[in-house]
Structures are given as structure tokens and as C-alpha cells.
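Q: Listed below are the residues making up each chain.
2 protein chains.
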Amino acid sequence: MDYIQQRFSVPFEYRVYFTSHLFQQQNPVLRQFLQADVSDNIKKIFFVIDSEVAACHPTLMDDIRQYFAANSEVILIDDMLIVPGGEACKNTDVYVHEIIAAVDEHGIDRHSYIAAIGGGAVLDMVGYAAAISHRGIRHIRMPTTVLSQNDSGVGVKNGINYNGKKNFIGTFAPPVAVFNDDHFLTTLADREWRAGIAEAVKVALIKDKQFYAWLCKNALALNRREMEPMQYQIKRCAQLHIDHIAGGDPFEKGSSRPLDFGHWSAHKVEQLSNFEIRHGEAVAMGIALDTAYSHLCGWLNEEDARLVIQLLIDLGFDITHPLMEVSDDNSPVIQGLHEFQEHLGGRLTIMLLNEIGKGEEVHHLDISLLQKASEWLKQYHQIEQQ
Amino acid sequence: MDYIQQRFSVPFEYRVYFTSHLFQQQNPVLRQFLQADVSDNIKKIFFVIDSEVAACHPTLMDDIRQYFAANSEVILIDDMLIVPGGEACKNTDVYVHEIIAAVDEHGIDRHSYIAAIGGGAVLDMVGYAAAISHRGIRHIRMPTTVLSQNDSGVGVKNGINYNGKKNFIGTFAPPVAVFNDDHFLTTLADREWRAGIAEAVKVALIKDKQFYAWLCKNALALNRREMEPMQYQIKRCAQLHIDHIAGGDPFEKGSSRPLDFGHWSAHKVEQLSNFEIRHGEAVAMGIALDTAYSHLCGWLNEEDARLVIQLLIDLGFDITHPLMEVSDDNSPVIQGLHEFQEHLGGRLTIMLLNEIGKGEEVHHLDISLLQKASEWLKQYHQIEQQ
Ligand SMILES: NC(=O)c1ccc[n+]([C@@H]2O[C@H](COP(=O)([O-])OP(=O)(O)OC[C@H]3O[C@@H](n4cnc5c(N)ncnc54)[C@H](O)[C@@H]3O)[C@@H](O)[C@H]2O)c1
Ligand SMILES: NC(=O)c1ccc[n+]([C@@H]2O[C@H](COP(=O)([O-])OP(=O)(O)OC[C@H]3O[C@@H](n4cnc5c(N)ncnc54)[C@H](O)[C@@H]3O)[C@@H](O)[C@H]2O)c1
Ligand SMILES: [Zn+2]
Ligand SMILES: [Zn+2]
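Quick mapping for you: the protein sequence lines, in order, are chains A and B.
Using the numbering used here, read the first sequence as starting at 1 and increasing by one per residue.
Using the numbering used here, read the second sequence as starting at 1 and increasing by one per residue.
Read the hints as simulated data drawn from the structure, not as lab findings.
These figures come from a predicted structure and were not determined experimentally.
The list treats identical chains as one, so a pair stands whether inside a single copy or across any two.
As a list, the in silico BS3-like pairs of lysine-lysine whose alpha-carbon atoms are at most 30 Å apart:
1. LYS44 x LYS157
2. LYS165 x LYS43
3. LYS235 x LYS157
4. LYS165 x LYS44
5. LYS209 x LYS378
Next up, chain A with everything else stripped away, as it sits in the complex (with noise of 0.2 Å):
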């Protein structure tokens, strides 16, 4: 047979920092990667802004505008777009045609940057606008929920959603900086704050033990909102996520999806509650789930498989929901599951738990003992609510 063979390697690197008001004058953090990242080119910098932390942050614009009048290695385009924070913004593609238009009339060139502030929503769409513009033009995340700065802010996948399905339309394409500021986690619902405790807790199960059991001694201080817990979280957690990124699969050409853990019935509890239920909720729901399941199938023991619910439970989620229970074959997970094996073309996996911090896959859900687990978990649910 004829042919050439192809074969190269692309390399990705980026940062992520933590710091605090990043904006003000005296931080240097911004400024330092900004000179570092030094060509010969102008370089511009486009920010597009969540509506909900441009309204909780009201002097976010003028910081911005006052600490780029001061540094000059970037031109700031002074024209910011300001967009519908969470999932709004990524049910459409108004805005991503917004930002298009604007790097075309701002001639945002592939040396400059477009800059996203907001939470994993404004991301992703953000992220996903940049990567299609030119080909990709230099995107720098600024996550402002707990979520995207412990999971999906330091990772490589963008999108929108479509047709109602999330995510449908996107790319992986990895930013080139990252910057968690803690200051944003200040003005934050409870429930968000709360909602993205919930991945630090999945990938602790499956990957880090010792992670887990510091997450055991502060959940209560999470719950409280302490903010040096939530910092050390939060790095940790990213810290996780980075590594699973780079020993992995970065852009998922495989179909193994590690970091899963409890996402398969979350992703249609979230979907069945119209997203009324948030992400983080659902998959705290999905943990619950799924360490019933790991324990009466024999891999965890009670006791271990107990202290878990009652992590979630101490860092104030609920561990089950009407939408989540399991009673027989028509139950809106077990469809789920259905589902999501169709998704991914036929053979399932899903992570279980082996011991805690050790997560190992199966192939294969039993339907009744599916069901068993969410007795088990419902009885739990009952005794605490007395």
C-alpha cells in the first residue's frame, strides 16, 4: 500500500496562578506573565466579562482599565463585552458571534489575547470563541466560581451547548494562562460556593487519599465559608485535575473518562431538573450513588462507604433527590445510563471505588443493585433528616 505516515507531538504549556485582586496596582502576577510573554508583535488584550461578577465587582472595569493604563506591554481594547453569566450564555451562539465581530472589528490578531472572567459557563463559551477565532487567539481564564477554579477553568475543553445538548459544539485547546483570584469567591451564592466542593471530593476518591481525609477535617470550615480551607482546596483540587490532564488523554482520543467519577447519573439529574439542580449538587448526588454501589458490590466496606455520605452531608449537599432514586428499569437514571452508553458508542465504563482514593473501572452496571444502592442511600437520607 501507498502512503506517508504522519506523526508529530504539540506541546501545550500554560500556569495557573493564585492570587488575590489580581487588578490592584501592586499586584504583580499579571504583569510579570504579561512581560514574560514577550515577541515582537503588539499585542492587544480583549476582556469579556459574567454579568452577575461585573454586578457583584462593580469597580471590576475601572480596575482593569486603571491597571492597564499603567502597564503598557498590552494594549487593553477599552471596549469590554459583558455577557449573561452561567448557562445563558452558552445556550446560544449570539455571543460567541459577538465576540467574533469584535475581534474583527478590534483586529485581535493571533499575538493578542481574549481574557474571560466568570464562571465555568462564560469559560467554556469564551474559551470556545477564542479557539475558532484565527485559529485560536490566546485565551487567558480568570475563574470566578469555586468549580472553575478547582476544575474546569485550568483545564483544556471549551463548547456550547446545542439543541438543548450541553457542550455539543466546542474544541479542546488549552489557555495560556490561568488566574484564580480568591477575592471573587467572596460575592458567590452559597450554592456555588458549595456546588464545586463537590469535584475536589471526586477526585480525591478516586486519586488521593490523604486529600480526602484533609477534606473530612475541613468540611465543616468549607461549609462555614472559611476562606484559607477553600484556598487549599481549590489548589489541590487543580492540582489534581493538572496532572490527571497531563498524564492522560489531554484532548480524550481514548473513550476512558477517569475523572467521571459519579458524573454519569449527575449529567441527567442536572438535565431532568432543567438544571435546577447544579452541577456540583448532582454530581455530589452521583458520589453518593456510586460509593453505595462500590460498597455493595464488595469493593468498599460500610464503614468507609458511610463516611463518605457524611462528608457530602457535613459539607451540606444533599446525597439523594426524587429525580436520582432507583426503583426499576424505567427510573430516569437507569435511562441515564442507557443513554450515556449509547453516548459512548456502545461499550460503558465507569469509574467505581475500589478503597478510598483508589477509583477502578467497570463495564458493566448491575440494575439491581443499582437499585439496592439507592435504598441504602435513601435509608441514610431518612435517619439523618430525623
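Chain B with the ligands: place on chain A using the hints.
A: Positioned in the frame of chain A, the structure of chain B with the ligands alone reads:
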């Protein structure tokens, strides 16, 4: 400073196959690729076809149906999408949306394939749609023009136009395989057949003296549309492009564009002619201008310069055009030069010829020398036409 460093490489590989009559049952090339690309997942394949190719090869769709009826490793989606050939399919996002809608409707997942059969324009548009669907569906290219078989189709870029601007929207996304079927070339218009050869002249001049000598020897046979030298030309040119991508900066993160010899003026002339002048035709004139300049600036000797021009003439190219002439600072190509510099973010990088087979980059072009180069070419052209 507090940060986590992320660093990883993403490996890509694919083969560029050379064959005839890809969909004939006895041709094993496609079947073997599909069989080797195994997994546990059910795979579908969706075809998008250039309207001109479909018109010139009226049995194509039936051939595809019969081929897949006999090859069950992949499920053919019977519904194929015919899109207008040429730039028309890139000047709107309508066809991208039609492909995304088909992905949704037919449940085409990340294990499935989107195959494009057509010229470079159709491949660019389909490659883009495949890259953004589910963050990248496996994309197979079946280029049907000389340019797309020897250059664009074997590379990693895709895109569509926006607001009259070429490739404003797009990504870097390697295909999973490329099938160059020379039978398609038999139905090309003469201009299309010829235009693609300009890229071979370009890459030979900057990288491969022997290939250049081969081109000089075979120019008239290529001009007469002999298939054997065409096959060799395509394979050698594809090899040089493939090596260049693998050896360099595949996703063009730097600002160097060493393969763009002869292209700075070509882009402008194409655009000013409303794409009446084909890309390859413009590149041939751009090569002529930059060759003349390389001679007049003291790099290339006169004989070599004249032989390059003669090669272009033997291949049937025009070596200049009123739009390509440089008379003063307001000449269109000089404006193009300024725009190109701006596009590069301030610093110009232009490839010139040091000697045959050896390009070298400069960061400045002398306008008065460009005028002389233009004059030199015009005289040559007039002598030729007598
Ligand atoms: N790209 C990935 O790898 C990845 C991974 C997981 C999740 N996600 C995506 O992330 C999104 C969820 O992100 P999220 O959990 O960050 O929530 P979100 O972006 O939906 O934000 C939740 C709400 O908080 C508001 N908000 C954001 N920051 C705030 C602040 N500092 N103060 C006050 N309000 C603020 C937002 O405007 C919004 O109303 C989903 O779209 C999900 O698909 C992406
Ligand atoms: N992605 C890249 O790296 C890259 C590089 C260079 C050029 N390009 C793009 O490639 C496009 C040009 O591609 P092209 O030169 O292949 O031309 P084209 O795709 O514009 O096709 C030219 C014409 O030939 C027709 N055609 C195609 N195959 C045919 C066949 N076998 N028989 C008869 N007619 C046929 C088409 O329908 C069209 O009308 C431009 O859009 C350019 O931007 C992309
Ligand atoms: Zn999650
Ligand atoms: Zn070209």
C-alpha cells in the same frame, strides 16, 4: 509567586494514502484503514461531497453505497450531504450548521467519521465542522484537486471565511486519514489542474533542489496533463509539506510562516481579483515577483532567476498581472504588504530565495527594489509574449 505549571504534549498521527478508484470493491485501501482503526464502539461514517465532484462523477454516491454495503465495519449514513464546491461553501456558515445538524440527527459521535470528498474549500469547511462537533469527530479527507492532494488536504488547518476575510474562523485539527485518489483529477478544469502545481514549485524552490530540477524537466508533460508525472509531483509535494509540518510548528504558535514563499502578494491579488485569479495562479505570480526580488537584492543569480520564470511559463502560468505590478507606494500589492505586516502583529517575516532549494527569511522588503523586480518581470513577460 504561587502557581502550578501545566505541561504536556498531544501526539497526532495519520497516513496520507495514494490510490486510484478508492471505492472500487477490489481496492483494499479504505477497508484496511477502517479495519485497523478498531475499537469496541460502533462507528458510523457520514459523507459530505463537493457538488462539482458529484456532478463530474455521477456514480460516486452509488459507488460509496455499494462499497459500504459490502464492508460492515462501519455503518454508512445513507443520507449524504452535497455542498457547493469552491469558495461558496466557505463564505457562509450555513453548511457548517447543516453538518452539525446531521451530527445531531444521525447521532454521529466521537468514534464515528465525517468524510469529506472535494476540493480544498470543501475540505476546509467540513474539517472545521467536524472539529467543533463534540469537540472533534474523526475526520477523513478525500481531496479531489491537485492543490488539496499536494498541499492543503495533507495538512492540519481548516476554516471558513467571515465578513469577506479568508479563514477568519477555523481550527488546527489533524485528520485521521487522507486518501488521495488520482482518478478524481481527470475531471478537473485545466486551470485547477495547473493551479495546484504552483505549491510544488514553491516548496521545491525553498526546500528541495532535486525536486525543482525534476519539475523543470517535467513541466511540459505536466502542462499536457500526463498522469504519471502528476502522481509523482503530488506525492513529492505532499511529502515536503508533511515533513515541514512535523518538523516545525504544526499549530503555528510562532509567527514564522516559512512555507508561505510567494504568498504575501498572492493573497492580496487573489482578493482584489475577487478570487477570479485562483490561489495557485496568484502564487505563481507571487513566486515570480519574489524570485525577481531575490535576484535583484543580490541573492539569486540571474540565470537561476530566469530559469524559475521559465519553469512557471512552461507550466502554463502567467508570471504577472496588472494587479501584481509595483509602481509606487500605493500599488495594491504594497498595500497588501502593509496589511500583511499588520496581520503579523507588527513584524514582517518574508521568505526569499538565497539559492535554488534554499529559502531564507527577511524582515524588510525595499519598496524601490520591489518596483525594479516588478519592472524586470514585466519586461520578461513582454519578451515572452512577442
Ligand atoms: N470545560 C470544562 O472542562 C468543564 C468542566 C466542568 C463543567 N464545565 C461547565 O462549567 C459550567 C458551570 O460552571 P460554574 O459552576 O462555574 O457555574 P456558572 O458559570 O454557571 O456560574 C454560576 C452562577 O454564578 C455566577 N457567578 C460567577 N462568578 C461569580 C462571583 N464571583 N460572584 C457571584 N456570582 C458569580 C454566574 O453569573 C452564574 O449565574 C457548566 O456550563 C459546565 O458545563 C466545564
Ligand atoms: N487548509 C489549508 O491548509 C489550506 C491551504 C491552502 C489552501 N486552502 C484552501 O483551499 C481552497 C482552495 O482549494 P482548491 O484549490 O482545491 O480549490 P476549490 O476547493 O476551490 O475547488 C475549485 C473548483 O474545482 C471543483 N472541483 C473539485 N474537485 C473537482 C474534480 N475532481 N473534478 C472537477 N471539479 C472539481 C470545485 O467544486 C470548485 O468549483 C481555498 O479555500 C483555500 O483557502 C487551505
Ligand atoms: Zn464535573
Ligand atoms: Zn498556498
